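Peer 1: Protein sequences, first through last, are from chains V and B. Taken in order, the first sequence gives residues 1469 to 2104; the numbers are from the working numbering. Taken in order, the second sequence gives residues 1469 to 2104; the numbers are from the working numbering.
Derived from the structure by calculation, the hints contain no laboratory data. Values in this document were obtained by computation on a predicted structure and should not be read as measured data. Check before you lean on any hint, since a few could be wrong.
If you anchor each label on the Cβ, the simulated ranges turn out as follows [said to hold, decoys possible]: (1) Arg2063(B) <-> Thr2079(V): 30 to 36 angstroms; (2) Gly1502(B) <-> Val2053(V): 48 to 54 angstroms; (3) Glu2029(V) <-> Arg1756(B): 42 to 48 angstroms; (4) Gly1502(B) <-> Glu2029(V): 55 to 61 angstroms; (5) Gly2043(V) <-> Asp1784(B): 32 to 38 angstroms; (6) Thr1581(B) <-> Glu1720(V): 50 to 56 angstroms; (7) Gly2059(V) <-> Arg1756(B): 21 to 27 angstroms; (8) Val2053(V) <-> Arg1968(B): 51 to 57 angstroms; (9) Arg2063(B) <-> Gly2043(V): 29 to 35 angstroms; (10) Gly1502(B) <-> Gly2059(V): 34 to 40 angstroms; (11) Arg2063(B) <-> Glu1513(V): 39 to 45 angstroms.
Among chain B residues calculated to face chain V with C-beta under 7 angstroms, some are [to be verified]: (12) Thr1763; (13) Glu1777; (14) Arg1986; (15) Glu2073.
Even glycine gets a Cβ: it sits at the ideal position worked out from N, Cα and C.
There are 2 protein chains.
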Amino acid sequence: MLDSTRRPVVVDTSKSPHARLRPLPLTDVRLSDGFWGPRRRANREETLPSQYRHLEETGRLDNFRKASGKMEGRFEGIYFNDSDVYKWLEAAAWSLATDPDPELTKMVDAAITEIEDAQEPDGYLNTYFTFERADKRWTNFDLHEMYCAGHLFQAAVAHFQATGSTRLLGVATRFADHICDTFGPEEEGKRRAVDGHEEVEMALVELFRVTGDRRYLEQAEFFVDARGRGLLGRPYGLHDPSYSQDHSPLREQDEVVGHAVRALYLYSGATDVYAETGEPELLKALRRLWNNMTTRRMYVSGGLGSRHEGEAFGEDFELPNGRAYTETCAAIGSVMWNWRMLVLEGDARYADLIEHTLYNAVLPGFSLDGGHYFYENPLEDEGTHRRQPWFGCACCPPNVARMLASIPGYFYSASDDAVWVHLYAEGSAEVRLNGGRAFRLGQRTNYPWEGDVEIQLDGEGEFAVMLRVPSWCEGGASIEVNGEPFPEQASPGAYAEVRRVWRPGDAVRLRLPMPVRRVEAHPYAAENVGRVALMRGPILFCVEGADNPGLDPRDLVLPNEVRLSEDFQPEQLGGVVVLAGEAEVSPPGEGWDGRLYRTATRQGEKPIGTTRLRAVPYLAWANREPGPMRVWIRSR
Amino acid sequence: MLDSTRRPVVVDTSKSPHARLRPLPLTDVRLSDGFWGPRRRANREETLPSQYRHLEETGRLDNFRKASGKMEGRFEGIYFNDSDVYKWLEAAAWSLATDPDPELTKMVDAAITEIEDAQEPDGYLNTYFTFERADKRWTNFDLHEMYCAGHLFQAAVAHFQATGSTRLLGVATRFADHICDTFGPEEEGKRRAVDGHEEVEMALVELFRVTGDRRYLEQAEFFVDARGRGLLGRPYGLHDPSYSQDHSPLREQDEVVGHAVRALYLYSGATDVYAETGEPELLKALRRLWNNMTTRRMYVSGGLGSRHEGEAFGEDFELPNGRAYTETCAAIGSVMWNWRMLVLEGDARYADLIEHTLYNAVLPGFSLDGGHYFYENPLEDEGTHRRQPWFGCACCPPNVARMLASIPGYFYSASDDAVWVHLYAEGSAEVRLNGGRAFRLGQRTNYPWEGDVEIQLDGEGEFAVMLRVPSWCEGGASIEVNGEPFPEQASPGAYAEVRRVWRPGDAVRLRLPMPVRRVEAHPYAAENVGRVALMRGPILFCVEGADNPGLDPRDLVLPNEVRLSEDFQPEQLGGVVVLAGEAEVSPPGEGWDGRLYRTATRQGEKPIGTTRLRAVPYLAWANREPGPMRVWIRSR
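Please model the entire structure based on the sequences and the hints provided.
Peer 2: Given below as structure tokens:
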């Protein structure tokens, strides 16, 4: 029984008993701003078509043609390459929902045809396990069969919601049925197994929500519960079971460990399960993990994953800047998880982190031209790390594409008698509250470069507008309704509830002061001792060689008393605020020539002069000529 | 034509045209001190017998029995496991040279029999490439065939020198001949290839020196020259060619990169080649690499290898403390390379680093009980990193054993009319200079815990005693001969030349003041900003939980004005100097509760009290109950 409403929403909690917030369809949200607008245009015009070409040119689509017998030859590439096709399809589906495009529709339909034709009669579908490997299906759970299935399911849900077509959804449910028939409790005559790379869990819950088939939810729950019981053994030989979060049952875990993307996808799926089941122990574990992650194991960018080795979270406070792994996919996984936590109760902490992560950890992975990507996102670099048009392991590019295509779905939520404004950008939304009250909500703002937001409401009756006051807005926000101060407390890191009887033409003005903030890290984060990161509003800044020619950013010292200017520069990097101010240049003294260690002189380094420091948003770094870059700069 | 002198020496530069220093046989050096003595006893009594048991119990010796057909079954373990047997044999041979032991001789002879019997008729020998893999020989140069061969050659040289037996040497030369017949220039009808893991280069030079067969030297030169020309391709899929130093010809390299042990073994082999050929470009490259390593990529312990990923050197100043890889084998490789550089011209920089590395990077890998080892040697730890009795990849344990067994060979050298004293410890040596002058040299000292050394000379005639004044002895040393000040400049980091006409009973007194030094790191080494490491003489100290119960060493702040007491404690950790003094306890303030980043307050942390800080030598850490450990402590 398919959900007849069929509206494209990011995570459909419309009927989830343990979620307070309901999604707004992407199609009801318009972004007409100068920040997301150009990025979403690049996503449509450059990213999606060029990624389709990469899928063709690297043989990823051919693998489906070979599997169906339309083309000669063997599988080519990495065993999880099918997932890139699915993620691209999901991205394309979201894009078609908001921006119909006949050319893109053709590509989507062609890809779906190849997928349909490659599916086995029993529902199984994975082009790596064809021909000589056909009998190796479900024998090695580190080969991402369920991971690929999960991405197929997510793509299918998005495609159905966006287009109404059940073609891909049919493929997905046939495969999901195969998985449900194959895996489960032994007492049901099934196999107990979990996948090395989580993903299928949240996908199954989404499939449940769109089909109404409770079996998929139960299967997701089974996979969440079965993990951490030794089923995977020691994945990949070198890796510990914690690599796949398989070291203990999720409900007993209290530290985020192992491969960061896997972890975040697991937490996302488990949160989806909680939204349906409401089991308190599960939520407790998720909150413990979130607290450990955000207070011990997260970069100032919101980036996650400190180690190249195992693409893993590190120990508490293990946050190297140059060797930060901080995979773009992990940032996306964090947005996905935080969104699911947010809609449970509407706790602004999660929305704060979504905003912060989008600007400072997801977007750095994406070039301004829309065709180049970072896999790793270090917080400092000597100028050698550059975005690539594609990767052999190409998880990040289509992940960025689906995030950008679906971003309107993250701006608002509805609850019984409130509309929730999570993110700010010029644009509008059609809001429908319970009981059928519908109205138009407009945002006029220059966010994220200015902190004034005017919310125009074209509705009638009593309801609340929940305005997120970001945690960075430490001095507090001010709110006016129709020019009069509104008494509601607008404390940072919470939603200000503006509840009243509304009349058409009412307007709320939210003022979020955006002073430049010098941010310091916990003293146990060893690399950042004596350093600050610059933030302004939600935006993290960095010092980049292109703006500071001939200067080693390691030698910059920003005195506390220096006031930084803040200028919006429309010609710079697609239009960004640039910070500038007088800084000291304090290179290592001559006593360090040819030495790495010495008896402490306690003299410190002495400034040899000053320079005009310029800092640009970290999200836009590496879009100009290569040069050194640093987020954390010395201060005094 | 075997060298008839057959005296066990660490690296036999007796006839090397481009080496100034000649080795003293191990058998002519006695260590009767309280530092090396007990460690060498543990090596003989616990390490060597227990390692032999491990070789048996893990099937490493059985692999030879299987290869020769004496035992049923297939190869077991990792493909380079043969090398552990060879390294153990080398260690045992050195030990037998100075300390005959019938039980150990039996084990050695038994192991050699298995090796002899497993050798193929054509000289090839590698038990991994037997049975079904026999036809895979020399097809994948990342499978360590030449690496294993090199360790066989080194063991054979040591065994021949120590015992006069040519049994193992015969095996080695047959295999070396096979390698020389197989690999070389195409124009000689041979295959161009290099091994993924360097080692065979230095082993071939050693084989040349003991046999006089110049072909082995030429083969070593060929392997050094052939590297960096794309022969290896992209080793291990994930790794870059720099992993095996194969990214460019050695003579063009100027940064130490890739797998640290491989790199150090390559540099050692290339230095051996230089000692014979004297090619200036090769020495220039080696000096460039040494400078890069010691001024940019070395831990304060002398440890090398910053990355777990690829067991690799990092970028300049990439020196994380908790995630330091600093493999014990890399420290040993550094001693081996520095020894080879030292004997070229007698530059004290290399001897300084040998001393420093032995105390602070090799010995931490070895437990006081002689039966447990570190593979990785982090400079800080939360109490979870503990020495193990053995490893699946067991390169480090027998490497430590051969270093300890051969350590007397690193104490002295001879040149035409000088004896060189590189290291200090109570003991004696029989010295033979060119022209046959022979005399006994005694050392009376409590080194490394006290800096007074009395050198007693029982010789006659004019010659020089070259006394290393360590670079840590920054205030300069004082020298007396027979109680009278000797005018020779004794500046730190150089050899003081005490040249005169000696009479029996003469004595030289060297005074090396050992104040506690607070060492700071180059300001680009980000984790060490605001911190110092404590050193006294050649010994690096650390703060360990066992001495500072209930204290988080991250919260310690050592004020500059605090004078640390220095007490030798004979009952502690086998007898060590312990440093102690009043330090501040300055934990993160309450403002950090539940936060990882915040707007900078510029207040810093405030001390909440003081505590008696105690610091013990890093070389002895983790020999008591587990607890946190730090080398770098905060200072103000």
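Peer 1: Taking the numbered hints from earlier one at a time, note which ones the structure violates and give those numbers from smallest to largest.
Peer 2: Per hint list: zero violations.
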